[in-house]
Amino acid sequence: MMAKRKLAWNGPEIGYLGYDAMVLEGCYGGSGIERAIDVVHRALDAGMTMIDTADAYGNGHNEALVGKALRGRRDEAFIATKFGIVFDEEESGTDFLTGWNLPLKINGRSEYVRKALDISLRRLDVEEIDLWYMHYTDPGTPIEETVGAMEDAVRAGKVRYLGLSNVTAEEVRRAHAIHPITAVHYEYSLWRREAEEDLLPTLRELGISLVAWSPLGSDFAKTNRDRFEPFMGIAKELGITPAQLALAWVLHQGDDIIPVPGTRRPERIDENAKAADIALDITTLHRIDELARPGMSEGAAFV
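In my numbering, the protein residues as written are 1 to 303.
Listed below are the simulated DSS-like cross-link pairs for lysine-lysine, each with C-alpha atoms no more than 25 angstroms apart in a straight line:
(1) Lys274 / Lys236
(2) Lys274 / Lys6
(3) Lys274 / Lys4
(4) Lys68 / Lys115
(5) Lys158 / Lys6
(6) Lys68 / Lys158
(7) Lys105 / Lys115
(8) Lys115 / Lys158
Since the hints were derived computationally from the structure, they do not count as laboratory data.
With the hints as extra help, turn the sequences into a complete structure.
Written as structure tokens, this is what we have:
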């Protein structure tokens with residue numbers, strides 16, 4: 001069974017790696033409901049206790065799928081979900097344009113926050129969400145108002161821990177002053193290291209964990225073959241896969257980082273889980289760092 005690390009200063013111990021359910025049925029093409037449920041079960045079997053979803057993934061269908069997959073296994077999972085992205089044209093909110101040119105809205109107003117929570121609880125078929133993120137900051141609503149409404153959910157016993165997603169260091173400080181933030185969900189991989197500039201130092205100062213989405217680097221391997229081939233060479237030397245090396249590198253950046261890779265294939269779950277047991281020496285870490293120093297990041301993603 002996978003070893004565990006503590007989530008922030010105030011959170012529980014969870015598996016070194018979590019599972020990003022975004023790629024499952026109901027979002028970005030889907031994979032079949034029964035197969036998707038099998039993938040979630042395989043993740044739990046491997047010790048990936050954090051199951052990450054959002055109300056925006058598949059416009060709610062992804063949360064419902066996760067809820068179905070966790071029936072009978074709720075006690076084994078640490079459920080993380082998000083709110084704030086609005087697809088309904090009738091719903092108010094601040095206009096938001098993603099990297100995929102999808103016209104959406106962001107709503108962080110207190111009345112919407114309360115409504116979104118109750119809907120997520122019903123979809124997930126749970127009485128309490130373990131970790132509840134604000135998916136994006138609503139530029140039309142003070143973050144203090146949004147987090148204040150989230151704090152009310154904790155007091156009501158509907159949420160255990162609060163998180164933020166895709167935020168700045170300054171926004172983290174403002175939110176943390178209202179209610180303790182347990183985790184920040186942010187893109188981080190060997191190939192995308194912007195978090196190291198201001199965000200990660202701030203999180204460490206405040207005792208907040210980083211939940212790293214897209215820890216394998218999205219489509220970097222396809223678009224940057226010249227830099228990825230030497231990385232594959234290092235993985236081959238170590239007798240591991242490039243995915244395992246990428247995850248092991250993220251895990252070696254600190255005990256306060258929880259990568260959440262996603263996959264539709266059950267066999268990939270087992271491959272990814274083995275990354276938690278890989279030890280990289282200083283020389284290897286230095287060689288890897290030379291391939292993707294901070295400031296060399298490329299590409300964009302949306303989650």
